[in-house]
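Student: I would like the entire structure built from these sequences, with the hints used as guidance.
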Amino acid sequence: MTTFDVAAIRADFPILGRTVRDGRRLVYLDSGATSQKPFQVLDAERDFYEKHNAAVHRGAHQIAEEATDAYEAARANIAHFVGAQANDIVFTKNATEAINLVSYTFLNATLKSLRGKDLPKGAQRFVLAEGDEIVVTEMEHHANLVPWQELADKTGAVLRWIGLTDDGRLDYDSAKLIIGSRTKVVAFTHQSNLLGTVNHVAQLVELAKSVNAVTVLDACQSVPHMAVDVVDLGVDFMAWSGHKMLGPLGIGCLWGRAELLNAMPPFITGGSMIETVSMEKTTFAAPPARFEAGVPQAAQVVGLSAAVDYLNAIGMGNVAAHERHLTQLAITELAAIPGVRIIGPTDTSNRGSAVSFVVDGVHPHDVGQILDEQGIAVRVGHHCAWPVCRRYSVPATTRATFYIYNDDSEVHALASAVRDAQKFFGV
Amino acid sequence: MKLEHMYQDIILDHYKHPHGKGLAEDFNAEVHHVNPTCGDEITLRVTIDPDDHKKLIVSYDNQGCSISQASASILFDQLNGKTFAEGEAAVDHIVAMLQRAVEPDEDILGDGIALEGVAQYPARVKCALLSWMAWKDAAIQALGTENSTQNESN
Ligand SMILES: Cc1ncc(COP(=O)(O)O)c(C=O)c1O
Chain P
1 MTTFDVAAIR ADFPILGRTV RDGRRLVYLD SGATSQKPFQ VLDAERDFYE KHNAAVHRGA
61 HQIAEEATDA YEAARANIAH FVGAQANDIV FTKNATEAIN LVSYTFLNAT LKSLRGKDLP
121 KGAQRFVLAE GDEIVVTEME HHANLVPWQE LADKTGAVLR WIGLTDDGRL DYDSAKLIIG
181 SRTKVVAFTH QSNLLGTVNH VAQLVELAKS VNAVTVLDAC QSVPHMAVDV VDLGVDFMAW
241 SGHKMLGPLG IGCLWGRAEL LNAMPPFITG GSMIETVSME KTTFAAPPAR FEAGVPQAAQ
301 VVGLSAAVDY LNAIGMGNVA AHERHLTQLA ITELAAIPGV RIIGPTDTSN RGSAVSFVVD
361 GVHPHDVGQI LDEQGIAVRV GHHCAWPVCR RYSVPATTRA TFYIYNDDSE VHALASAVRD
421 AQKFFGV
Chain H
1001 MKLEHMYQDI ILDHYKHPHG KGLAEDFNAE VHHVNPTCGD EITLRVTIDP DDHKKLIVSY
1061 DNQGCSISQA SASILFDQLN GKTFAEGEAA VDHIVAMLQR AVEPDEDILG DGIALEGVAQ
1121 YPARVKCALL SWMAWKDAAI QALGTENSTQ NESN
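Listed in order, the protein sequences are those of chains P and H. Quick note: the first sequence uses our numbering, first residue 1, plus one each step. Quick note: the second sequence uses our numbering, first residue 1001, plus one each step.
Take the hints with a grain of salt, since some may be wrong.
[To be verified] Taking beta-carbon pairs under 10 Å as the criterion, some of the chain H residues facing chain P (in silico): (1) L1003; (2) L1012; (3) P1036; (4) T1037; (5) C1038; (6) G1039; (7) D1040; (8) K1055; (9) C1065; (10) S1068; (11) K1082; (12) F1084; (13) P1122; (14) C1127.
The set of hints was computed from the structure by calculation and includes no laboratory data. Idealized CB from N, CA, C, for every residue including glycine.
Tutor: And the structure:
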């Protein structure tokens, strides 16, 4: 049930007032790719540039102080949003970079270890030997698959994956067989961006912990859509992107367990991440600075903090309830169309608002084109999760994703346009 | 309506009833091209005509959207049995047409002139060009293998 005024929310999003394709009202059902931004976020960024713009953590002048304060206050606010401590949040360009930060930690620790270098206490957990295993799932976004494939390729570790059931869930029985004594990392998504499936984090964490494997959670599709408390989840790392949760482009987050962050060698190196530098040797700053080389994206961080305020004012429980309502409606209306098949769970328990479907006889790209002609923005293709398409023997899907500013009328418009696509292509 | 300009009946006809789909057993070169944003795929083979070494025989198998499927079917009509020079001219022409740099020429593209409407949708241009790029790649490879075997026999 929706407990907030969607019309009032919509009024905060300037882009939702525009028209597309010859005067059609924009029906934006692609928030899973990136969300739209409310005035409050745009204003926060603009305010930073207008009044406080300076290089964070550098400079002895007043506005540098203000910029640094704004940046660090935003970090604390964003951390609080996921139940974390400020210093355990590292800012990156996006979730992809955040996940690579972790996968490169393994590579860098392994390389240093091979050369007999001293590793910080605790870094041994990141050293991989030939035949060690990295476990992912078959429903990962390429961002949480390719970095691990590459890591395996470079280190001689073996990539294994947990398969999927026919109804779009993780095969937990096989997870028990796959996670074993050689497993060093278990990287998995909280919510599939293609299927909408929400995974049982606790179950996988328990299996990983029993073999002392590091857990990495891709929370790109969960943090924007539901209340997430990273301490409750029990994972070791969590990565997500600001741009999918009303925040600006160009800002991602990595949360890491403090003792792990402390033990990690740096990823990207350069200015602002050092403690001392001589021509021979550099020592590194404590986290999170160790992982934030270069002048950081302060305006984006400030914008993301405003997005967090915006979501907090609605309440993440209310966000989730609203999306559950729209998801239920979309599944009901789409599944009622002959020739339309949902790819992913059709019940809304442990399920988010990514609704993928195929239309018999009409390729997703063509479905998307007909929808676009009516002003309906969806995503078509494999959604950076190509193995999921292969698993369900579809070349691609059409995907609608919902957020706080979507309403029932937009779901009706979607279903009606899908029928139009069938008519247009004569199926 | 713009959409009908792209999805002309002739395009939908090629999509529903593609010409020449199916791979030849003998070939000099095979390529596999994909459109990584949407997953459209084509496997295309070029066989040098044993009776006339200038002519290139085309066969293909593909999956994808109506535009990529129709375009491959049209390519088959236009380029099967043509020389490299004829085919390359057609590829150059369709690329230019989709960049709106030339008026479509039916003598060169046949039904392919109906793909002109795709130029209004930049995201679909790749779909329309997939098979043509695959043909050029395969044709160059096929001729390369022939040249090298000729060189060896010389
Ligand atoms: C589940 C999931 N993981 C990772 C990503 C990558 O996020 P980004 O492209 O912002 O790095 C996305 C979105 O594209 C996603 O949906």
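Student: It remains to establish, for every hint, whether it holds in the given structure.
Tutor: Results for each hint:
At its closest, the beta carbon of L1003 of chain H sits 5 Å from a beta carbon of chain P; the interface hint therefore holds under the 10 Å criterion. Nearest Cβ of chain P to the Cβ of L1012 of chain H: about 7 Å, under the 10 Å cut. The hint holds. For P1036 of chain H, the interface hint holds, the least distance from its beta-carbon to any beta-carbon of chain P being 9 Å, beneath 10 Å. The interface hint given for T1037 of chain H is met, as the beta carbon of that residue sits about 6 Å from the closest beta carbon of chain P, less than 10 Å.
Of the supplied interface hints, the one on C1038 of chain H holds, with its beta-carbon coming within about 4 Å of a beta-carbon of chain P, less than 10 Å. For the restraint placing G1039 of chain H at the interface with chain P, the shortest Cβ-Cβ distance is roughly 4 Å, inside the 10 Å limit, so the hint holds. Because the closest C-beta pair between D1040 of chain H and chain P is about 7 Å apart, less than 10 Å, the hint holds. Nearest Cβ of chain P to the Cβ of K1055 of chain H: about 33 Å, over the 10 Å cut. The hint is violated.
Checking C1065 of chain H against chain P: minimum C-beta separation of about 4 Å stays under 10 Å; hint holds. Annotation: S1068 of chain H was flagged as interfacial toward chain P, and the flag holds, the nearest CB pair being 8 Å apart, inside 10 Å. Proximity of K1082 of chain H to chain P is violated relative to the hint, the smallest CB-CB distance being about 28 Å (cut-off 10 Å). Using the Cβ-Cβ criterion of 10 Å, the hint placing F1084 of chain H at the interface with chain P is not satisfied: the shortest such distance is roughly 31 Å.
The restraint placing P1122 of chain H at the interface with chain P is violated, with a minimum CB-CB distance near 12 Å, outside the 10 Å limit. For C1127 of chain H, the interface hint holds, since its Cβ comes within 10 Å of a Cβ in chain P; the closest pair sits about 7 Å apart.
When the structure is compared with the earlier hints, violations turn up for hints 8, 11, 12, 13 and for no others.
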